[in-house]
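Number of protein chains: 4
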Amino acid sequence: MGDSADFGLEMKVRDYECDIQGIVNNGVYQNYLEHARHEYLSEIGIDFAEYAKNGINLVVVRAELDYKVPLQSGDTFSVSVKMVRESRVKFAFLQEIHRLSDGKLALQGKIIGTALNPRGRPEIPEQLNALLPAAG
Amino acid sequence: MGDSADFGLEMKVRDYECDIQGIVNNGVYQNYLEHARHEYLSEIGIDFAEYAKNGINLVVVRAELDYKVPLQSGDTFSVSVKMVRESRVKFAFLQEIHRLSDGKLALQGKIIGTALNPRGRPEIPEQLNALLPAAG
Amino acid sequence: MGDSADFGLEMKVRDYECDIQGIVNNGVYQNYLEHARHEYLSEIGIDFAEYAKNGINLVVVRAELDYKVPLQSGDTFSVSVKMVRESRVKFAFLQEIHRLSDGKLALQGKIIGTALNPRGRPEIPEQLNALLPAAG
Amino acid sequence: MGDSADFGLEMKVRDYECDIQGIVNNGVYQNYLEHARHEYLSEIGIDFAEYAKNGINLVVVRAELDYKVPLQSGDTFSVSVKMVRESRVKFAFLQEIHRLSDGKLALQGKIIGTALNPRGRPEIPEQLNALLPAAG
Chain A
2 MGDSADFGLE
12 MKVRDYECDI
22 QGIVNNGVYQ
32 NYLEHARHEY
42 LSEIGIDFAE
52 YAKNGINLVV
62 VRAELDYKVP
72 LQSGDTFSVS
82 VKMVRESRVK
92 FAFLQEIHRL
102 SDGKLALQGK
112 IIGTALNPRG
122 RPEIPEQLNA
132 LLPAAG
Chain B
2 MGDSADFGLE
12 MKVRDYECDI
22 QGIVNNGVYQ
32 NYLEHARHEY
42 LSEIGIDFAE
52 YAKNGINLVV
62 VRAELDYKVP
72 LQSGDTFSVS
82 VKMVRESRVK
92 FAFLQEIHRL
102 SDGKLALQGK
112 IIGTALNPRG
122 RPEIPEQLNA
132 LLPAAG
Chain C
2 MGDSADFGLE
12 MKVRDYECDI
22 QGIVNNGVYQ
32 NYLEHARHEY
42 LSEIGIDFAE
52 YAKNGINLVV
62 VRAELDYKVP
72 LQSGDTFSVS
82 VKMVRESRVK
92 FAFLQEIHRL
102 SDGKLALQGK
112 IIGTALNPRG
122 RPEIPEQLNA
132 LLPAAG
Chain D
2 MGDSADFGLE
12 MKVRDYECDI
22 QGIVNNGVYQ
32 NYLEHARHEY
42 LSEIGIDFAE
52 YAKNGINLVV
62 VRAELDYKVP
72 LQSGDTFSVS
82 VKMVRESRVK
92 FAFLQEIHRL
102 SDGKLALQGK
112 IIGTALNPRG
122 RPEIPEQLNA
132 LLPAAG
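Chains as they are written, first to last, in our numbering: chain A, 2 to 137; chain B, 2 to 137; chain C, 2 to 137; chain D, 2 to 137.
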């Protein structure tokens, strides 16, 4: 992924995100990934909140997360995003989180999503579809 | 899973867990799953916080989450836990979240974990090991 | 407050709510208080999410929180709610959190709110107004 | 406060921090304030996590939060910190959150804290005490 990512964002661990073990709680990484995805989508002209207001809901259907090295208080890290087509009505985000101090991979994730139209049916909006390569 | 689960917990959606789309944010489900796992571990005599204090850290190494039906404000739901052996130094929790109003499956997850001993090496404590069937 | 509360809810600390210090993070108590308020409002027929959909937003304008005894992993606690009128367009919730093991007061809060009508102006809906004693 | 603040930090709303009403949930502001405080303390040489490991716990005893203008998806904002002495064993952080797009005050807070020594007694560490003006 790394070099070929479509987008990257630098963030810093906030202490309230750490748990009893003194490391970032495993649920928090999904927050990091989501924020990076939404920033990426915003950059390419897709506003998650605006879509929701118009009845088009971008939703996650599956998440695969591999935890490698735990982030801790004080750590800065990068979150990358690479968007690929998963099927006719599904797309996927390949994402990696790297600790900046030593470049180590902290987490690798694949987040598969779809878009629900105002009738609740899976349908990728044209604007998003145009950005995805044709299905294999 | 369902019938053969080792443990189940009933919970209710809290409004601050819902996002702009009016549904439970996808990162929150990991919180639900973790809470149910810790309650289950506590029931079988394993105290997550106590372990952490003693330098034994139960950590997640991989999470697979399939989102089926989104939970909403007001929904009550059950979270099930079934613990299985994944390998000599890994165990897995098969978990399901069902909406109570209609029994629909909201989320299905597999959370793979290990335990790190005080030297940071994977090693399942005897107490936990004894609860897992022998590796195939 | 205690005895004269309008509503009470029992909850249990979830481990992800605890921080590096091994205690519930101070921001989390507002989540506890909000959930108890919404459950109370729901009981008296006021659905926060439904109101929001109809353009009536119940909003917090001031929060005063006194932290007494920190809650920890494993603790169960009660959250009480007492609703009073603060002014013509403001109401307040007097709330207390007590640790169940010994009854100790963990937190005392006063949450002042108002309702914004669809034009964004403070206006308490009739349904809610009828439940509040007349101002001074 | 503004001009005379000791420290300032710029942040951006993350969509998972917004709730059903489409605005940042009121409990999240305490996260913003805490993160800015810890970054400030870190800058002046006080590491919250390190202190906790050494048995010195910086704790909040009271929070007063005035909500002015709600932050929304996409908003960037600044969080200021000004540290003052509250009493011999208490200090306070005067904090403001301003929306960057128009400079509007979104939230004003006063967070009163103390430090608990390893015996659990309030005692401000010398390092921190030296940074606070003498009590009036």
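It should be emphasised that the hints constitute simulated quantities derived from the structure, not laboratory data.
Where hints are given, some of them may not hold.
One copy or any two copies: either way a pair holds, since identical chains are not told apart in the list.
[What the hints assert, rightly or not] The calculated BS3-like cross-link candidates involving lysine-lysine, where the alpha carbons are at most 25 Å apart (straight line), are:
| hint | residue 1 | residue 2 |
| --- | --- | --- |
| 1 | K91 | K54 |
| 2 | K54 | K13 |
| 3 | K91 | K13 |
| 4 | K69 | K105 |
| 5 | K91 | K111 |
Here is how each hint holds up against the structure:
no.: 1; hint: K91 with K54; in the structure: within (21 Å within a copy, 29 Å between copies)
no.: 2; hint: K54 with K13; in the structure: between (30 Å within a copy, 20 Å between copies)
no.: 3; hint: K91 with K13; in the structure: neither (31 Å within a copy, 29 Å between copies)
no.: 4; hint: K69 with K105; in the structure: within (9 Å within a copy, 33 Å between copies)
no.: 5; hint: K91 with K111; in the structure: both (12 Å within a copy, 21 Å between copies)
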